[in-house]
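So the sequence lines, in the order shown, correspond to chains A and B. Count the first sequence with the numbering used here and you get residues 1 to 359, in order. Count the second sequence with the numbering used here and you get residues 360 to 473, in order.
Think of the hints as simulated: they come from the structure by calculation, not from any bench. Small disclaimer: the values here were computed from a predicted structure and weren't measured. Yeah, the Cβ is synthetic: ideal placement off N, Cα and C, and Gly gets one too. Worth double-checking, as some hints may not be accurate.
[Unchecked claim] Straight-line Cα separation of at most 20 Å, PhoX-like style, residue types lysine-lysine; simulated pairs:
#1 B/409 <-> A/239
#2 A/2 <-> A/336
#3 A/311 <-> A/283
#4 B/471 <-> A/46
#5 A/290 <-> A/310
#6 A/311 <-> A/46
#7 A/310 <-> A/46
#8 A/336 <-> A/53
#9 A/46 <-> A/2
#10 A/310 <-> B/471
#11 A/290 <-> B/363
#12 A/53 <-> A/239
#13 A/285 <-> A/313
#14 B/471 <-> B/419
#15 B/452 <-> B/419
#16 A/237 <-> B/409
#17 A/45 <-> B/409
#18 A/285 <-> A/53
[What the hints assert, rightly or not] Quick look at which bits of chain A chain B covers, simulated, 3 or more residues with Cβ under 8 Å:
#19 299-312
#20 322-328
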Amino acid sequence: MKTTIQFGPQHPVWVEPLRLKLTMDGEIVKDCELEAGFCHRGLEKKFEWDYNKGAYLSERICGICTQHHSTCYCTAVEGTMGLEIPRRAAVIRTIMLELERLHSHLLAIGLTLESIGFENLFMLCFRNREIVLDMFERTTGNRVLHGINIVGGVIRNIGPEMAKELEDFCDIMEKRCLDLKDMILKSYTIRERMQGVGVMSEQLARDLCVVGPVARGSNVPYDIRAVAPYVLYNEIKVKPIVETSGDCWARSVVRVRELFQSIDIIRQCIPLLADAGEDIFAKSKTLPEKEYFTRVEAPRGELFYYAKGKKSKEMDRIKVRTSTYGNGPGFVPLIKGSHLADVGLITITFDPCIGCFDR
Amino acid sequence: MDVKTVTQQEMQDVARRLRAAGTRLITIVGYDSGDTIQVSYFFQPFPEGKAETYRVVVPKHGGNEEVESITPIFPAAYIAENELAEMFGVHVKGVPGRFFLHESINAPLRRKAP
Numbered sequence: 001m002k003t004t005i006q007f008g009p010q011h012p013v014w015v016e017p018l019r020l021k022l023t024m025d026g027e028i029v030k031d032c033e034l035e036a037g038f039c040h041r042g043l044e045k046k047f048e049w050d051y052n053k054g055a056y057l058s059e060r061i062c063g064i065c066t067q068h069h070s071t072c073y074c075t076a077v078e079g080t081m082g083l084e085i086p087r088r089a090a091v092i093r094t095i096m097l098e099l100e101r102l103h104s105h106l107l108a109i110g111l112t113l114e115s116i117g118f119e120n121l122f123m124l125c126f127r128n129r130e131i132v133l134d135m136f137e138r139t140t141g142n143r144v145l146h147g148i149n150i151v152g153g154v155i156r157n158i159g160p161e162m163a164k165e166l167e168d169f170c171d172i173m174e175k176r177c178l179d180l181k182d183m184i185l186k187s188y189t190i191r192e193r194m195q196g197v198g199v200m201s202e203q204l205a206r207d208l209c210v211v212g213p214v215a216r217g218s219n220v221p222y223d224i225r226a227v228a229p230y231v232l233y234n235e236i237k238v239k240p241i242v243e244t245s246g247d248c249w250a251r252s253v254v255r256v257r258e259l260f261q262s263i264d265i266i267r268q269c270i271p272l273l274a275d276a277g278e279d280i281f282a283k284s285k286t287l288p289e290k291e292y293f294t295r296v297e298a299p300r301g302e303l304f305y306y307a308k309g310k311k312s313k314e315m316d317r318i319k320v321r322t323s324t325y326g327n328g329p330g331f332v333p334l335i336k337g338s339h340l341a342d343v344g345l346i347t348i349t350f351d352p353c354i355g356c357f358d359r
Numbered sequence: 360m361d362v363k364t365v366t367q368q369e370m371q372d373v374a375r376r377l378r379a380a381g382t383r384l385i386t387i388v389g390y391d392s393g394d395t396i397q398v399s400y401f402f403q404p405f406p407e408g409k410a411e412t413y414r415v416v417v418p419k420h421g422g423n424e425e426v427e428s429i430t431p432i433f434p435a436a437y438i439a440e441n442e443l444a445e446m447f448g449v450h451v452k453g454v455p456g457r458f459f460l461h462e463s464i465n466a467p468l469r470r471k472a473p
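In isolation and in its complexed conformation, chain B is listed as follows (with noise of 0.2 Å):
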């Protein structure tokens, strides 16, 4: 699996350019790797292609770490985006956060730091 990493303001061009060549959005993965959150995206080259996957690693600081949205470029992204913000306790900018957990519950899928 090939993976590239890039920063958020990377990550925004490339979705750009991704949806200009009729790309789809496959999905947002999270993963808590203890220190770091890492947000991958997986997008599949339509009609033909190999499937690419970009990631983004967010450091941890406590909580509300932020995360640049691609809803408003994907809109296949919005479900994604807030189950990776009410998984992992982080701020996905623009989108509200909440989709399948009750407000009660809160970050199940984030770690400890070690």
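Chain A on its own, in the form it takes in the complex (with noise of 0.2 Å):
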């Protein structure tokens, strides 16, 4: 006998709205719909406005990467008037989008990790996860959206001190993770309750377009940081972290293992702070007139802003294509013969930001 699940809209393993409707055949998923846009806010029609607000209206988009998609605003916008920014603003910038991966990774892990019960372990990821906000509120006033990201280059310094308060943040936290890695990758049970759920192929993954850890957990090293650098990483070069079995297991070991990549970048960032110059903004002399495009690594994946100008204050077109907006058509093929009890597990590997899909 087949029975229909409504999966959500609201459900406690995900914190935001999206309805996965579920055809069930006994305990196996036999078909499986997706339906989104419960928290649609009409933002690209609202960034047809004065440019220098939209960085501010980004950062609304998604509560977890403020910083990446204000990044990638300002850098589409910059294209459009062919600004280019000082060295400093980009080390800064560099700094703040590998703090956001460090609690972006730490956030997902702990979520998934309490989607399987073990919530000990995702209250200790949280902790951990407080001391990168804390550090977030001593650089740049603000725990979650840090405002800092103007077109130009940034608005607040980062002096000798903070930098010194920076480089023991680094320390803390890569023993703190250190800690953590080992309890989650030697643990028996969260192992066994992960590995084989969920497999996506690397054919799919190649086949749906899949980004970030989504992608390199199923062997597919895209990462946007490698394939096409922007602000800092021409300099700072980045291997993506690849796992090969594409389980759920895969896309929480390569969160764990980019925790440490971000620190190490950090750590190389913050000697270039000493001999990169003083000025932290360039005043643009045009207004936007040119159309750009530009993309991040966000901590979900590839996140992509198409900016077009016309001659005025106001923009003519921004698009927005963000992380999971990319791994939404990978959600179907997976949970389709699952069992349900794998279905929030699954979904949470994906780490979906459902603000973000539907803008």
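The task is to assemble the complex, starting from two chains supplied on their own in separate frames and drawing on the hints.
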């Protein structure tokens, strides 16, 4: 007998609304239908206003990768005006981007562990994430919506004392992440629960053009930091971290390993601040005119902004393609044929951000 | 930003050629210039190469202009083509044309012809 189960829009495994309509045959999912748009805010239309305000608006798209959104927006608008940002601003942006990846991955790992019922480790992840948020508060003045990016640079500098604090933060964070890594990777329970569940083959990952840790967990080394370097990634080489098995375990292991990569990049950036000049902001002499697109590697994967100016203060068109938007087509084939008990785990290892998805 | 303008039929051939070469689709962007709808397709050669952009220009004639779908070639285009259809009020052949928006909302990004 076939039954239909509504998985969401309000489901404890996701914080945000997404609906899966599952057709069940006993415990097995036979068919799956994805419905989104529950928090569609029409931001692409709203972006057709003052380009200086757009940076703040872009942060509001997502509460987790705010810095990536505003950096991508600012780079796109700077591209339409042909504006080069000062080197110091690029270094500060890179540090902030990697800090944000740290806290986003800690959140994703924590939520994955919570979805399999490991609440202690979830709280440990969130305790570590708290340190990153405190660091954000010290450097930018805000914990979530940082608001330091503007078109042409950044508005807050990182001085020598703050650089020292960042170095100390890296040491503390690395030690804590090592503890966390040992606890997760050596845990028999977590491994048994997650290995072999929700396998995305390499071919499927290539066909669906999935991005971020989902692609890298399936042996597709696609990382925008390596494929099309932006801000400072021309100098700081990033080697994509890849796992081969393509299951929930592989996707989580990619995130755990990327924590150390981010700490390493922050460490490489801090000495660059010393001889990066004093300017953190370049004023533009022209208005946005051309069209331009830019991409950054957000914690969840490739983030794309297309900007088109019309030689006025208002933008003509901004298109945002977020990482969950790219990963969206991957939900359905993985859920089909899985157990009902695995649906939550499979979707949460995609690290879905519905605020990004709907915009 | 280099943009190659192609016809709808040429776009199908381009998509097939790129798919065979293992290229990734980044996304599809719609833009209303007043009297035309411009549909831009962004591709990223993989594992390396520079991103490529192709553009199809569809003249407006009062609604439900037809655009050929590339979803059969690139499954990743499904959401982007649905969004294009609902945001600009065009008809993309072979996709439902509704994904994010409620049925009561029609073509919010479409502009009035000058």
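How the hints compare with the structure:
1. B/409 <-> A/239: holds, 18 Å
2. A/2 <-> A/336: holds, 14 Å
3. A/311 <-> A/283: holds, 16 Å
4. B/471 <-> A/46: holds, 17 Å
5. A/290 <-> A/310: Roughly 7 Å separates the two Cα atoms, so the pair holds.
6. A/311 <-> A/46: holds, 18 Å
7. A/310 <-> A/46: Holds, at about 16 Å.
8. A/336 <-> A/53: violated, 43 Å
9. A/46 <-> A/2: violated, 44 Å
10. A/310 <-> B/471: Roughly 17 Å separates the two Cα atoms, so the pair holds.
11. A/290 <-> B/363: OK: residue 290 of chain A and residue 363 of chain B at ~16 Å, within 20 Å.
12. A/53 <-> A/239: violated, 35 Å
13. A/285 <-> A/313: Holds: residue 285 of chain A and residue 313 of chain A sit about 12 Å apart, inside 20 Å.
14. B/471 <-> B/419: Cα-Cα ~10 Å, so holds.
15. B/452 <-> B/419: At roughly 16 Å apart (the allowed maximum being 20 Å), residue 419 of chain B and residue 452 of chain B satisfy the hint.
16. A/237 <-> B/409: holds, 18 Å
17. A/45 <-> B/409: violated, 29 Å
18. A/285 <-> A/53: At roughly 18 Å apart (the allowed maximum being 20 Å), residue 53 of chain A and residue 285 of chain A satisfy the hint.
19. 299-312: holds (count 4)
20. 322-328: holds (count 3)
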